[in-house]
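Student: Residue numbers (our numbering), protein chains in the order written: chain C, 1 to 302; chain B, 303 to 554.
Be careful, since some hints might not be right.
Said to hold, decoys possible - The list that follows gives simulated cross-link-like pairs (lysine-lysine, BS3-like), each with its CA atoms no further than 27 Å apart:
| hint | chain 1 | residue 1 | chain 2 | residue 2 |
| --- | --- | --- | --- | --- |
| 1 | B | Lys503 | B | Lys553 |
| 2 | C | Lys211 | B | Lys493 |
| 3 | C | Lys236 | C | Lys10 |
| 4 | C | Lys211 | B | Lys540 |
| 5 | B | Lys553 | B | Lys540 |
| 6 | B | Lys503 | B | Lys482 |
| 7 | C | Lys236 | C | Lys156 |
| 8 | C | Lys145 | C | Lys156 |
| 9 | B | Lys540 | C | Lys88 |
To be verified - To give an idea of the chain C side of the interface with chain B (calculated C-beta under 10 Å), a few residues:
| hint | residue |
| --- | --- |
| 10 | Ile60 |
| 11 | Gly66 |
| 12 | Asn69 |
| 13 | Glu74 |
| 14 | Ser266 |
| 15 | Phe269 |
As the list claims (entries may be wrong) - Cβ-Cβ distance ranges computed for the label pairs, FRET-style:
| hint | chain 1 | residue 1 | chain 2 | residue 2 | range |
| --- | --- | --- | --- | --- | --- |
| 16 | C | Gly57 | B | Ser479 | 39 to 45 Å |
| 17 | B | Arg437 | C | Gly249 | 42 to 48 Å |
| 18 | B | Pro328 | C | Lys110 | 49 to 55 Å |
| 19 | B | Ser548 | C | Met1 | 51 to 57 Å |
| 20 | B | Lys311 | C | Lys156 | 53 to 59 Å |
| 21 | C | Gly57 | B | Ser548 | 19 to 25 Å |
| 22 | B | Ser535 | C | Arg284 | 42 to 48 Å |
What the hints contain is simulated information worked out from the structure, not anything from laboratory work. Fair warning: this is a prediction, and the values are worked out from it, not measured in the lab. Even glycine gets a Cβ: it sits at the ideal position worked out from N, Cα and C.
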Amino acid sequence: MTDLRVHIGKTTLKNPILTASGTFGYGPEFEPYLNLNAIGGFCTKGISLEPRPGNPGIRIVETASGMLNSIGLENCGSRVFLDETMPKIARYDTAIIVNFYAYTEEDFVKLAAVLSENDRIDALEMNLSCPNVKQGGSAFGADPKLIESLTAAVRKVTAKTLIVKLSPNVADITLTARAAEAGGADAVSLINTLVGTAIDRRTRRFVLGNKVGGLSGPAIKPVALRMVWQTAKAVKIPVIGMGGIASLGDVLDFLIVGARAVQVGSANFVDPGIAQTLAEGLDRYLAERQETIDQLIGSVQE
Amino acid sequence: MQQRSIVTKIADLMAVANDCFLMAVPFEPEPLPGQFVMISFGDGRTDPFLPRPISIFDWDDGMLTLLIRVVGRGTLLMARQAVGMPVRVTGPLGNSFPDESGSVCFIGGGIGIAPLYYAAKRSTAQDKRFILGFRSAEQSYLTDDYLKIATAHFVSDDGSLGDKLFPHQKLDALAKSGEKPDLVITCGPEKMMAAVHEVAKKHGIRDHHSLESRMGCGIGACLGCRVQMPGASVLVCKEGPIFDGSIFEEKK
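Sequences and hints are given; from them, build the entire structure.
Tutor: Structural data, given as structure tokens:
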């Protein structure tokens, strides 16, 4: 076994393979398919202060090498999550990263404070970038000044590892990444989904109930890889890369351009055991080459 | 029963109608009637990307058989696969049809007949029968196979196969003639299932229905398959796909 440990803020991951929020439920859904203890950690479904029903109508549609979703952050709310879900997942020997979301700065702060009281939660991932909700979300996600002040406000109430998840739906992602760093984030994760849409040409209606949704899957990988590379050069804090990871080759690419860890997203829907397969594949790759994880990360030749 | 996700190989592939085919793949464990699997191409291709939810037509001694209708690009490409090609199968997923020792009527419309073969085969009911609806005789399939499992009443939109009736009308006629089942199990278009529910309610018959929805994962992770039914908002993959008739009753 190679030493695959990487450090994100105060959190040590046993390996850099994480699963992305919104693609891994709350964790237990995947127990039949993989050993959760074999992956670096997982990001929960985005949690809001109060439960949210999500969007009505059709929520997912397949696209070329990917998918659009407009789930709308359906979740059980912070109280049920902390009282009922956390006790079920606390026993996993892996990092629990809680993705969280609010509409206002006040609620972001309140939610971060509530989640921080739970000792088992390893890190918080602040979702500034969901394209599927009408208020907040994307509005926060595009304005560097707002990101910095919001990150600083949340930073004050949590000692946990704080990750800011960035939207790719901006002109220059290094500006929002730097803003998160200036606000005190321990890491940034990117990219969230790209806003897109699909039309049912027979009925001439939008396929998704919400009209627009977030594009994910292998289709977005080149965009994600470029943004992760740019961001890794622009900030000193760790970058967690994601966007279309579906194979060991994809994992290597993100690490090579400078990601300290990666998140596997919609590929979990295709093969619910893929995260463990990737962690084991990375282990074998480095062992065969007698390379360390630190030698691999950021090894791109420019 | 442990679910799993494995890459297996197509053991048999056979067209049964213009737009329907049977695909057999080795798969364990034994599923319950009414459960489904997610299938995708097992060769690492990313387009088509997502797996498809497919109900279980049959399972016999480690061989899983799926009855699939070509409805889009993904199912078309799957129909063009060949024996020996890899397929990823995740399952068995979801809840199951209830069993009943008395009499059960299995009602299917079009491709909705798919899960009823295995359901009737596995049923311990003393009296089991099918009501199977198709557009026409020409667009029907596997009728002889269903007849081997139980009595079958066929109905069609144009009367070219069996009675020119809708499935719920046939159920009504059976119930009125003294052949009222204790339980009806349905799968088919939502309108058909809702109409069957009305007839079942009128005659005091218990009814369970298999719902369909677009799914991303099939295991409750993506939340893509939530549908707003008259009776409730349901996550089809996790809470279903089998629901009792109250799902068609407008919530007060």
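Student: If a hint holds in the structure, say so; if it doesn't, say that too.
Tutor: Checked hints:
1. B:Lys503 - B:Lys553: holds (16 Å)
2. C:Lys211 - B:Lys493: holds (26 Å)
3. C:Lys236 - C:Lys10: Holds. Lysine 236 (chain C) to lysine 10 (chain C) sits at ~15 Å (cutoff 27 Å).
4. C:Lys211 - B:Lys540: Answer holds: lysine 211 (chain C) to lysine 540 (chain B) is near 25 Å, not above 27 Å.
5. B:Lys553 - B:Lys540: holds (21 Å)
6. B:Lys503 - B:Lys482: This hinted pair holds, its Cα atoms lying about 12 Å apart.
7. C:Lys236 - C:Lys156: holds (20 Å)
8. C:Lys145 - C:Lys156: Between lysine 145 (chain C) and lysine 156 (chain C) the Cα gap is close to 17 Å, so the pair holds against 27 Å.
9. B:Lys540 - C:Lys88: holds (18 Å)
10. Ile60: At 4 Å from the nearest chain B Cβ, isoleucine 60 (chain C) passes the 10 Å test, so the hint holds.
11. Gly66: Holds: closest Cβ of chain B sits about 6 Å from glycine 66 (chain C), inside 10 Å.
12. Asn69: At about 6 Å, which falls below the 10 Å cut-off, the nearest Cβ of chain B leaves the hint on asparagine 69 (chain C) intact, so it holds.
13. Glu74: holds (5 Å)
14. Ser266: holds (7 Å)
15. Phe269: holds (4 Å)
16. C:Gly57 - B:Ser479: 39 to 45 Å: Roughly 42 Å apart at Cβ, these two residues keep to the hinted range, so it holds.
17. B:Arg437 - C:Gly249: 42 to 48 Å: holds (47 Å)
18. B:Pro328 - C:Lys110: 49 to 55 Å: At roughly 53 Å between Cβ atoms, lysine 110 (chain C) and proline 328 (chain B) fall inside 49 to 55 Å, so the hint holds.
19. B:Ser548 - C:Met1: 51 to 57 Å: Holds, at about 53 Å.
20. B:Lys311 - C:Lys156: 53 to 59 Å: holds (57 Å)
21. C:Gly57 - B:Ser548: 19 to 25 Å: holds (23 Å)
22. B:Ser535 - C:Arg284: 42 to 48 Å: Check passed, 44 Å falls within 42 to 48 Å.
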